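There are 4 protein chains.
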Amino acid sequence: MYKKVIDYSLITLIISNCIAVIVETVDVVYNSFGEFFVIFEKTSVCIFTIEYLFRLWNCTIEERFRRPIIGRLQYMVSLRALVDLLAFLPFYLPFSTVDLRFIRILRLFRFMRIFKLGQYWNATKLISNVLKAKKEELILCIIITFALIIIASSFMYFAETQAQPDKYPSIPATMWWCVTTLTTVGYGDVFPITIIGKVLTALIAILGIGLFALPAGILASGFAEELHKGKGRVKTTCPHCGNIIQ
Amino acid sequence: MYKKVIDYSLITLIISNCIAVIVETVDVVYNSFGEFFVIFEKTSVCIFTIEYLFRLWNCTIEERFRRPIIGRLQYMVSLRALVDLLAFLPFYLPFSTVDLRFIRILRLFRFMRIFKLGQYWNATKLISNVLKAKKEELILCIIITFALIIIASSFMYFAETQAQPDKYPSIPATMWWCVTTLTTVGYGDVFPITIIGKVLTALIAILGIGLFALPAGILASGFAEELHKGKGRVKTTCPHCGNIIQ
Amino acid sequence: MYKKVIDYSLITLIISNCIAVIVETVDVVYNSFGEFFVIFEKTSVCIFTIEYLFRLWNCTIEERFRRPIIGRLQYMVSLRALVDLLAFLPFYLPFSTVDLRFIRILRLFRFMRIFKLGQYWNATKLISNVLKAKKEELILCIIITFALIIIASSFMYFAETQAQPDKYPSIPATMWWCVTTLTTVGYGDVFPITIIGKVLTALIAILGIGLFALPAGILASGFAEELHKGKGRVKTTCPHCGNIIQ
Amino acid sequence: MYKKVIDYSLITLIISNCIAVIVETVDVVYNSFGEFFVIFEKTSVCIFTIEYLFRLWNCTIEERFRRPIIGRLQYMVSLRALVDLLAFLPFYLPFSTVDLRFIRILRLFRFMRIFKLGQYWNATKLISNVLKAKKEELILCIIITFALIIIASSFMYFAETQAQPDKYPSIPATMWWCVTTLTTVGYGDVFPITIIGKVLTALIAILGIGLFALPAGILASGFAEELHKGKGRVKTTCPHCGNIIQ
Numbered sequence: 001m002y003k004k005v006i007d008y009s010l011i012t013l014i015i016s017n018c019i020a021v022i023v024e025t026v027d028v029v030y031n032s033f034g035e036f037f038v039i040f041e042k043t044s045v046c047i048f049t050i051e052y053l054f055r056l057w058n059c060t061i062e063e064r065f066r067r068p069i070i071g072r073l074q075y076m077v078s079l080r081a082l083v084d085l086l087a088f089l090p091f092y093l094p095f096s097t098v099d100l101r102f103i104r105i106l107r108l109f110r111f112m113r114i115f116k117l118g119q120y121w122n123a124t125k126l127i128s129n130v131l132k133a134k135k136e137e138l139i140l141c142i143i144i145t146f147a148l149i150i151i152a153s154s155f156m157y158f159a160e161t162q163a164q165p166d167k168y169p170s171i172p173a174t175m176w177w178c179v180t181t182l183t184t185v186g187y188g189d190v191f192p193i194t195i196i197g198k199v200l201t202a203l204i205a206i207l208g209i210g211l212f213a214l215p216a217g218i219l220a221s222g223f224a225e226e227l228h229k230g231k232g233r234v235k236t237t238c239p240h241c242g243n244i245i246q
Numbered sequence: 247m248y249k250k251v252i253d254y255s256l257i258t259l260i261i262s263n264c265i266a267v268i269v270e271t272v273d274v275v276y277n278s279f280g281e282f283f284v285i286f287e288k289t290s291v292c293i294f295t296i297e298y299l300f301r302l303w304n305c306t307i308e309e310r311f312r313r314p315i316i317g318r319l320q321y322m323v324s325l326r327a328l329v330d331l332l333a334f335l336p337f338y339l340p341f342s343t344v345d346l347r348f349i350r351i352l353r354l355f356r357f358m359r360i361f362k363l364g365q366y367w368n369a370t371k372l373i374s375n376v377l378k379a380k381k382e383e384l385i386l387c388i389i390i391t392f393a394l395i396i397i398a399s400s401f402m403y404f405a406e407t408q409a410q411p412d413k414y415p416s417i418p419a420t421m422w423w424c425v426t427t428l429t430t431v432g433y434g435d436v437f438p439i440t441i442i443g444k445v446l447t448a449l450i451a452i453l454g455i456g457l458f459a460l461p462a463g464i465l466a467s468g469f470a471e472e473l474h475k476g477k478g479r480v481k482t483t484c485p486h487c488g489n490i491i492q
Numbered sequence: 493m494y495k496k497v498i499d500y501s502l503i504t505l506i507i508s509n510c511i512a513v514i515v516e517t518v519d520v521v522y523n524s525f526g527e528f529f530v531i532f533e534k535t536s537v538c539i540f541t542i543e544y545l546f547r548l549w550n551c552t553i554e555e556r557f558r559r560p561i562i563g564r565l566q567y568m569v570s571l572r573a574l575v576d577l578l579a580f581l582p583f584y585l586p587f588s589t590v591d592l593r594f595i596r597i598l599r600l601f602r603f604m605r606i607f608k609l610g611q612y613w614n615a616t617k618l619i620s621n622v623l624k625a626k627k628e629e630l631i632l633c634i635i636i637t638f639a640l641i642i643i644a645s646s647f648m649y650f651a652e653t654q655a656q657p658d659k660y661p662s663i664p665a666t667m668w669w670c671v672t673t674l675t676t677v678g679y680g681d682v683f684p685i686t687i688i689g690k691v692l693t694a695l696i697a698i699l700g701i702g703l704f705a706l707p708a709g710i711l712a713s714g715f716a717e718e719l720h721k722g723k724g725r726v727k728t729t730c731p732h733c734g735n736i737i738q
Numbered sequence: 739m740y741k742k743v744i745d746y747s748l749i750t751l752i753i754s755n756c757i758a759v760i761v762e763t764v765d766v767v768y769n770s771f772g773e774f775f776v777i778f779e780k781t782s783v784c785i786f787t788i789e790y791l792f793r794l795w796n797c798t799i800e801e802r803f804r805r806p807i808i809g810r811l812q813y814m815v816s817l818r819a820l821v822d823l824l825a826f827l828p829f830y831l832p833f834s835t836v837d838l839r840f841i842r843i844l845r846l847f848r849f850m851r852i853f854k855l856g857q858y859w860n861a862t863k864l865i866s867n868v869l870k871a872k873k874e875e876l877i878l879c880i881i882i883t884f885a886l887i888i889i890a891s892s893f894m895y896f897a898e899t900q901a902q903p904d905k906y907p908s909i910p911a912t913m914w915w916c917v918t919t920l921t922t923v924g925y926g927d928v929f930p931i932t933i934i935g936k937v938l939t940a941l942i943a944i945l946g947i948g949l950f951a952l953p954a955g956i957l958a959s960g961f962a963e964e965l966h967k968g969k970g971r972v973k974t975t976c977p978h979c980g981n982i983i984q
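Each protein sequence line maps, in turn, to chains A, B, C and D.
Take my numbering: the final residue in the first sequence is number 246, and no numbers are missing along the way.
Take my numbering: the final residue in the second sequence is number 492, and no numbers are missing along the way.
Take my numbering: the final residue in the third sequence is number 738, and no numbers are missing along the way.
Take my numbering: the final residue in the fourth sequence is number 984, and no numbers are missing along the way.
Rather than coming from a laboratory, the hints here were simulated on the basis of the structure.
Note that the structure is a prediction, hence the values are computed from the model and not measured.
C-beta: ideal position from N, C-alpha, C; glycine also.
Check the hints yourself; a few may be wrong.
Taking lysine-lysine pairs in the DSBU-like style, the calculated list, with each CA pair at most 35 Å apart, reads [said to hold, decoys possible]:
id: 1; chain 1: B; residue 1: LYS444; chain 2: D; residue 2: LYS967
id: 2; chain 1: A; residue 1: LYS4; chain 2: B; residue 2: LYS444
id: 3; chain 1: C; residue 1: LYS690; chain 2: A; residue 2: LYS229
Just some of the chain C residues that point at chain A, by a computed CB distance under 8 Å [stated by the list, open to error]:
id: 4; residue: SER536
id: 5; residue: PRO661
id: 6; residue: ALA708
id: 7; residue: ALA712
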């Protein structure tokens with residue numbers, strides 16, 4: 001109970017921090033409440049530092065970090081401890097120009113167990129199960145996408161580079177165009193003007209439709225399977241004779 | 247029968263009102279038929295006021311509003327009565343600058359029971375059942391989308407703000423770009439020009455494909471399930487005793 | 493056999509006509525081969541006129557047009573005869589400015605029975621069966637889309653008209669923007685600049701994803717159902733005892 | 739074992755070649771490391787030539803090329819040998835202006851058997867099986883798309899050519915616009931400005947959603963079927979005799 005209050009306070013503080021980082025970038029807000037952001041930042045770093053030291057001290061209650069010194073060092077190099085450390089360390093370094101405050105959002109994962117009992121837990125589990133079950137097919141889709149981007153960019157480069165040397169200066173630069181076309185984003189900053197370039201683009205854009213259809217189909221069968229599996233395990237009994245079916 | 251005629255007349259009036267609100271905004275139309283719109287508006291408001299008072303007077307025939315005074319007050323604060331009120335009230339307020347006439351379209355929901363017997367009722371029911379059954383998964387998709395937008399915007403802001411301070415002035419402003427990219431709208435008013443920004447955009451756009459595939463897969467399994475459920479109720483027999491189940 | 497040769501010749505002529513109509517619009521081609529197009533047009537019209545008169549004369553062999561005069565008049569007002577007529581009639585009218593030659597592509601439907609035995613016939617039948625079975629759900633999707641466009645355009649008009657009176661001059665004009673956003677085309681000729689307009693756009697664009705997911709889900713379950721149905725009808729027999737299963 | 743080392747070395751060399759072709763097009767890189775690229779190219783061509791001659795000499799160990807002279811000639815005109823040849827031949831031709839080096843990426847297919855045991859093999863097989871099983875439906879989708887593009891472009895041309903003669907100069911040119919709209923890419927280089935053009939575009943864009951939904955639905959049912967088939971092979975028993983079928 002006592003633990004839960006601390007957990008929720010820390011979650012609130014982390015979320016406030018993330019909102020502060022986002023809102024701070026708006027000039028109007030920063031000019032009006034700049035002072036406040038500095039104080040809030042200092043307070044947050046203090047609390048995060050204390051929390052980090054406290055967790056480091058108490059990590060020995062866990063079985064795998066139970067040895068006084070080596071255990072604490074092992075804890076220090078664990079992923080969650082490093083994330084915790086990076087969330088406040090840059091503040092103490094005088095000449096750090098990198099803004100790592102955004103890493104604080106990653107700290108929210110630590111508190112995910114609290115949400116375990118919420119109503120979205122089943123949905124989260126279902127989606128993550130489907131993504132896990134279809135991991136290989138989805139990764140293959142991404143590999144196909146990358147292969148398509150490389151091949152299409154190479155063809156497109158040779159088709160357009162002479163007509164628009166500033167927009168298609170090299171194959172890596174053409175890849176940018178290829179991604180925006182295959183994903184149907186189509187900003188319009190780069191587009192072909194030669195006939196062969198336009199025909200190629202038409203083919204790429206139509207292939208792009210397949211790129212949407214493939215993962216949609218994979219996930220659809222994944223969800224169907226997962227739900228079917230779930231039903232099979234819940235033993236259906238016949239209300240007439242009481243025997244278990246399927 | 248008599249009731250149905252009034253219902254249909256009111257539906258026609260509401261739809262005419264909505265069309266009037268839409269068409270009125272076209273300057274050419276307003277300059278030519280301005281007078282007509284004013285008269286039509288006055289007539290409509292009169293009819294809506296009479297209808298409102300009539301409904302308020304007769305609401306006591308419903309069980310839950312049966313007490314003469316308290317019942318009518320309870321009716322007045324009910325959602326449908328408030329929508330009815332807001333549909334004409336602003337007309338009577340002399341200095342109301344807000345155009346609430348569009349709220350009249352919401353009044354159509356009141357008459358939806360008429361369509362209950364139409365041929366699209368089954369389809370409406372099927373789609374709404376699927377959306378209800380998959381509500382949590384779909385809300386989770388929206389949550390994931392928002393989380394993605396926040397994280398992607400933060401990274402993108404740090405990548406692009408120095409190269410294009412006018413287009414990526416702050417993280418909230420970058421979110422606008424992020425939405426148009428993730429949903430593959432891609433207006434082209436804002437697009438990255440740095441290499442790191444382009445690589446990030448490529449990743450975001452490819453993730454955007456997943457954003458389309460996930461709800462498509464969820465809904466596909468939802469429809470399959472719903473249809474299966476409907477069929478299952480008629481036919482399944484227990485292999486042990488031969489009785490029909492469900 | 494003799495009939496088949498004529499059918500194929502006419503198909504070739506119609507397709508050549510369609511290609512001619514398309515290619516003729518290219519200035520370079522027209523300036524070089526203008527003479528040829530005129531001759532080709534005249535020849536085609538002659539053949540189409542003869543074919544039309546021949547079909548009109550012989551229509552009495554069909555049961556429903558078997559009466560000599562009334563039957564031929566009934567044939568003349570049938571859809572296919574009207575399409576045939578419109579395919580060449582404008583040529584004979586001296587002052588016709590409307591280019592109806594493109595209607596000739598519709599004549600291809602008449603010859604579709606030839607393709608009935610081709611390898612794509614099963615696929616065509618499957619897709620058309622699914623579209624028929626899911627007609628109501630799909631029409632409902634289109635109705636929802638139109639409702640969304642009307643509501644979203646109205647809100648957007650009030651949000652943006654003061655900031656960009658030239659781009660959002662009226663609700664019907666805003667609908668154009670709304671269609672390009674909901675379908676994620678995003679030309680970039682019109683886009684919001686106010687904060688409230690951008691927030692609304694974000695919501696509309698995310699709803700647009702659902703607009704893609706809904707028909708995809710409906711069609712996915714439609715195809716699954718159709719294939720399942722097809723299998724049920726093909727009587728599976730057990731290879732061990734020869735009995736029909738399911 | 740010895741064979742595997744050579745295979746992997748050749749794969750590494752081919753991938754390096756492809757990367758070199760891509761990176762070489764970047765001016766900055768070419769100016770700095772131009773010399774290196776020339777040497778790398780020469781070395782690669784040498785190795786590819788030796789490999790080609792070696793493979794040509796040893797092709798007789800395969801059953802179908804076992805005859806000393808005719809077998810080797812048959813091997814030379816086989817697809818994989820031609821690809822191998824084209825990968826280095828242009829280097830030896832003094833005045834070849836065509837850059838065929840990119841064909842080298844196709845050589846990777848030859849080594850695909852190595853990946854056969856990898857973890858992605860099942861996923862590759864599943865996806866290719868589904869694409870094969872649904873080949874006809876997918877090709878039909880592409881045919882429908884092309885028909886739609888031709889019809890929509892013709893209508894659009896007549897609607898917009900007078901208002902924007904530079905953007906919609908001919909039907910083939912309008913097809914470019916039509917592809918970018920139907921696939922929802924929407925670069926924004928060409929867009930309608932007349933009312934009839936905008937209404938047509940709205941219809942085309944909404945049809946474009948169906949274009950995404952159709953293959954997604956087809957593939958979804960394809961994946962479901964394929965997975966079902968795989969499961970069905972192990973378990974189905976005939977209710978009449980109790981034997982396992984398939």
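Against the structure, the hints come out as follows:
1. B/LYS444 <-> D/LYS967: Violated: B/LYS444 and D/LYS967 sit about 43 Å apart, past 35 Å.
2. A/LYS4 <-> B/LYS444: violated, 42 Å
3. C/LYS690 <-> A/LYS229: Violated, at roughly 43 Å.
4. SER536: violated, 28 Å
5. PRO661: Since the shortest Cβ distance to chain A is 23 Å, the answer is violated.
6. ALA708: holds, 6 Å
7. ALA712: holds, 5 Å
Checked against the numbered hints given earlier, the structure breaks hints 1, 2, 3, 4 and 5 and satisfies all the rest.
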